[in-house]
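Protein chains in written order, with the working numbering: chain Y, 1 to 186; chain S, 1 to 186.
It should be emphasised that the hints constitute simulated quantities derived from the structure, not laboratory data.
Source: prediction; values computed, not measured.
Watch out, some of these pointers could steer you wrong.
Identical chains blur together in the list; that is why a pair holds if it fits in one copy or across any two.
[Claimed, not checked] Under the rule of at most 30 Å between Cα atoms (straight-line distance), these lysine-lysine pairs were calculated in the DSSO-like manner: (1) LYS157 x LYS103; (2) LYS16 x LYS5; (3) LYS16 x LYS132; (4) LYS132 x LYS157; (5) LYS185 x LYS103; (6) LYS185 x LYS2; (7) LYS157 x LYS16; (8) LYS185 x LYS7; (9) LYS2 x LYS132; (10) LYS132 x LYS7.
There are 2 protein chains.
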Amino acid sequence: MKTYKKKDFPVSEIRKFLEPGPVVLVSSAHRRRTNIMTMNWHTPMEFTPSLVGCIISNANHSFELIRRSRECVINLPTVDLAETVVRIGNTSGRDLDKFAAFKLTPVPATTVRAPLIAECCANFECRLVDSKLVNTYNFFIFEVTKAHVAPTPRYPKTIHYRGDGTFMISGTNTSRYRPLFQPDKL
Amino acid sequence: MKTYKKKDFPVSEIRKFLEPGPVVLVSSAHRRRTNIMTMNWHTPMEFTPSLVGCIISNANHSFELIRRSRECVINLPTVDLAETVVRIGNTSGRDLDKFAAFKLTPVPATTVRAPLIAECCANFECRLVDSKLVNTYNFFIFEVTKAHVAPTPRYPKTIHYRGDGTFMISGTNTSRYRPLFQPDKL
Chain Y
1 MKTYKKKDFP VSEIRKFLEP GPVVLVSSAH RRRTNIMTMN WHTPMEFTPS
51 LVGCIISNAN HSFELIRRSR ECVINLPTVD LAETVVRIGN TSGRDLDKFA
101 AFKLTPVPAT TVRAPLIAEC CANFECRLVD SKLVNTYNFF IFEVTKAHVA
151 PTPRYPKTIH YRGDGTFMIS GTNTSRYRPL FQPDKL
Chain S
1 MKTYKKKDFP VSEIRKFLEP GPVVLVSSAH RRRTNIMTMN WHTPMEFTPS
51 LVGCIISNAN HSFELIRRSR ECVINLPTVD LAETVVRIGN TSGRDLDKFA
101 AFKLTPVPAT TVRAPLIAEC CANFECRLVD SKLVNTYNFF IFEVTKAHVA
151 PTPRYPKTIH YRGDGTFMIS GTNTSRYRPL FQPDKL
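Go ahead and model the full structure; you've got the sequences and the hints to work with.
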């Protein structure tokens, strides 16, 4: 599988990749265990600090790894990884070393111990900054502490889940409405 | 502009429309005022009850209308409404009656006083059920109490914001990976 050469990217601008709503892969590490999960329920929450909120079900093996380590990496897979993304979401880290099973390459991160996934075109290192809603809703609020992004493709072709086994694949990108924006609303 | 004939839709299945991450229009009402805002930062949080979390900045006129009435409607616009969506996001309800200004048709809702937008292909009536994170993050947790969805198009062509005036337009839909899912993971 293809790996990407990435560059540092401003953490305040990661909406470019997450705001359109793609399926992401969340990698985590605690003590000597690592894991990867497929995750769809996330939203940007703030630019600076760069906050992302997401639901990680307590039924997932990753839940405890992330709650205890208070860290993870959000990785952005493109459509060519769709089958792997589905397989990752339909197996459990309790039974499987997912990096090995799915031939994904862990790369050391800079600010967290959870590994980056080399085969994803963007990686966002995250620290858990608010766990107030974890018990009630499984809702985690992360601060993105470092972003790594491949300069190409400029707009990666991502997959977006609709439930019931159906994905929407991202389509064309357009800036034709840009002149209608007020500068502070971009 | 086109309006849609809609049917009741199960509130536990609205992920079909919201999980892919589209830009939505949020309509609200408080006392005699109504408003519409453009909103991108949202995520499903639970199937039953059907919960949606979203960021509504306190800089928006809608913030107070929604915080006080504890209700809103999340409306799903398709790409043919993109220009209107951008114009709504770049004006304020303080200065403008947006229904009148943008020739949108308010339709009475069933469970809330905020109006549905007839020109949107889906409308989700929402009640504010948790405001614990409103002061800290402008984060609202709504329960969807009623969903109205046009039977066609089956998969509406939606717009997804990337920041900097750029939108991704939803592309093709595929169920080719469905056989890889475990039944409880669909």
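Inset, instruction - Could you tell me which of the numbered hints above are not met by this structure, giving the numbers in increasing order? - result: 4, 9, 10
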